[in-house]
Amino acid sequence: MHDFTRRTFVKGTAAAAMLSTSALFDWAKAWAQSSPWKPEAGAKLNLMRWRRFVEAEDAAFMKMVAAFKAATGVEISVVSESYDDIQPKASVVANTGQGLDMVWGLYSLPHLFPAKCLDVTDVADYLGKKYGGWAQSGELYGKSGNKWICIPIATTGGLMNYRVSSMQKAGFKEFPKDTAGFLELVKALKKNNTPAGFALGHASGDANTWLHWALWSHGGNLVDKNDKVIINSPETAKSLEFVKALYENFIPGTASWNDSSNNKIFVSGDLHLTSNGISVYVTAQKENKAVAEDMNHAYMPIGPVGKPTELHLAFPILTFNFTKAPNACKAFTAFMLEAENFNPWVESAQGYLSHFLNAYDKNPVWTSDPKRTPYRDVSKRTLTPAGLGTLGEKAASAIADFIVVDMFANYATGREDIKGAMAAAERQAKRIYR
Amino acid sequence: MVDVTDKTMARRAPRKIEVSAWSQLKSNRTWLGYWFMLPALAILALFLAYPLGLGVWLSFTDTKIGRGGGWIGLENYEWLQGDSTFWLSVLNTLLYTIVASVIKFAAGLYLALLLDKHIPFKALVRAAVLIPFIVPTVLSAIAFWWIYDSQFSILSWSLKKMGLITANIDFLGDPWNARWSTIFANIWRGVPFVAITLLAGLQTVSPSLYEAATLDGATPWQRFRHITYPLLTPIIAVVMTFSVLFTFTDFQLIWAMTRGGPVNATHLMATLSYQRGIIAGQLGEGAAIATAMIPFLLGAIMISWFGLQRRKWQQGSDND
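Residue numbers (my numbering), protein chains in the order written: chain H, 34 to 467; chain Z, 53 to 372.
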């Protein structure tokens, strides 16, 4: 299976960075000839992906699609959908058995219908061997039992975005590494009228990632490893108190924030600390250079449990097992993650996409601008939305229904007391995990 | 002779059967009416009755998006009975519908009466009034989302510049502020529909009635109370039925502005149904929430039907 000529990663990277379109097409042709997956004659693929956030990333993706067509003759028709629409549409396709061959979705999508996903263990093995192995979370996202049902392409990290000058003025030389120090920083920022703010509304990306971190960092969990609901616990209560204390020191309005709210306020200069992907920084470089120069990123602080408990947004790609062209799909999946494609693609995403394959740590995009470096490691640091439990339909449903987000928002805003907030979350979770 | 008679009868008999069966179905006036109704019936059955029936059926199952489910009887409804978010959404929907509909009616009627007067650039003004109704809902919702933004609100900015407030108003972050803000946006959008429809009704009132009343010494209020209002009632019944239905089932404004937040304070039954059924994939539960809207909608239709339409024009009798 792995009998074709392997290039070393370094060679690949050096070649990749500067490949012109014609050189890319030449390389793609050579790749296709030696690839272990020979696309079916006349294959045409339909692929659905999430709608881009960074324009250049989408352009690089389409360039890859064009190169694949030139090399193999396989035409791929790509449709983009918003985050919220990917899951229902993919589920309907899985149910009806027609419409799409591949879906590049988010979080735990393939685990909603593992029986409908093509076994791509050979692709995962091939890529893992060639590119330094998979990050641990990559295996969690990719495998159902012993077989790989999807290939985790990349992650977009939700990390601390802060204004350096405001942090220093608040009396901190570096970003706090623990939750206690973090709370002090948020309080001091409020006192200086340079407030922090984190989404407590129904923001699928921002609110879910930082609030799961807050829950896990205090030892709280929605379910245990047997998928038994254990949200109603003293640890959860502590995390609720922690978030309430933070909320009281936030800029007003965070209970209504969606995924874009903190971006625009931070870029305007009114918000001094939030959690987000790298998109705030990318936008600030274009629209408000002063903010871009004065900001930096940090890992999420470590809580009483004593280890990182971050949640980031993974983007896995799956192939349906009813596709008429399984080899073409496998070939394209591997093609995307080859250094000649993946490196320039990740560079075009400017830090928005972080890899699961260890060898890509060396991509210069992570070190050419040190402010991007923390995002390099998010795939290694992330847990899955299932927490301690099984990654599957129930976990996917629980995160999509904002059970954890609503629990925190209910208590922080004073709509419910601590017991009421936990009981409501418990009741809803038990229904999903029955 | 006998032969002839037999032959004649034999010839007549089948013709008689032909007439009584297929030909009759083709030519009978009663049956013909049914034939002409068939296409409409098929459309209604396919696009209204079937989805409605399917929705109700789904609400008795545990269907998830992407896979079928089994019959679970009333379990979804029993679960919703103890679900505080569901009851909050019911209260929100009632508040939203009642407040917005009453204000839309009052403002719409007032606007219609104004536009019925002789004013300069009458046609232009009438067309301009329709603008909020013409703008796609999602666009106006996004405009309101900016107007209500916690940091960049033009309202907060203006009030601060005027020295009336010192800090920004948290329009969509505070539960009650968010409720009133979304209700206001709905009113802004809905008033033109009410106003223009009532204006059309006003145009049908004969001027001679007003002339006669004026000659009899009726005050403007008496003219409105005893001429305009009674003659406008049928239109009011229709327009308010539609207005209540549109408001009760509103989805786009809320979804684009708040997604039901903050802390579910603006979740309507329609948005909660979408959140649970489509986003979270619990199709059966989402269908149950949607089905729970039906009694309220039927109630609203009944009130306007029996309350406002008991009029001579409809009943053709003295029943007032």
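Just so you know, the hints here were simulated from the structure itself, not pulled from any lab data.
Be a bit skeptical, because a hint or two may be false.
Said to hold, decoys possible - Quick list of in silico lysine-lysine cross-link-like pairs, BS3-like style, CA-CA up to 27 Å: (1) Z:LYS213 / H:LYS223; (2) H:LYS297 / Z:LYS78; (3) H:LYS224 / Z:LYS169; (4) H:LYS223 / Z:LYS212.
Hints and how they fare:
1. Z:LYS213 / H:LYS223: Distance ~23 Å between LYS213 (chain Z) and LYS223 (chain H) Cα, so the pair holds.
2. H:LYS297 / Z:LYS78: violated (69 Å)
3. H:LYS224 / Z:LYS169: Roughly 58 Å between the alpha carbons, so the hint for LYS224 (chain H) and LYS169 (chain Z) is violated.
4. H:LYS223 / Z:LYS212: Holds, at about 21 Å.
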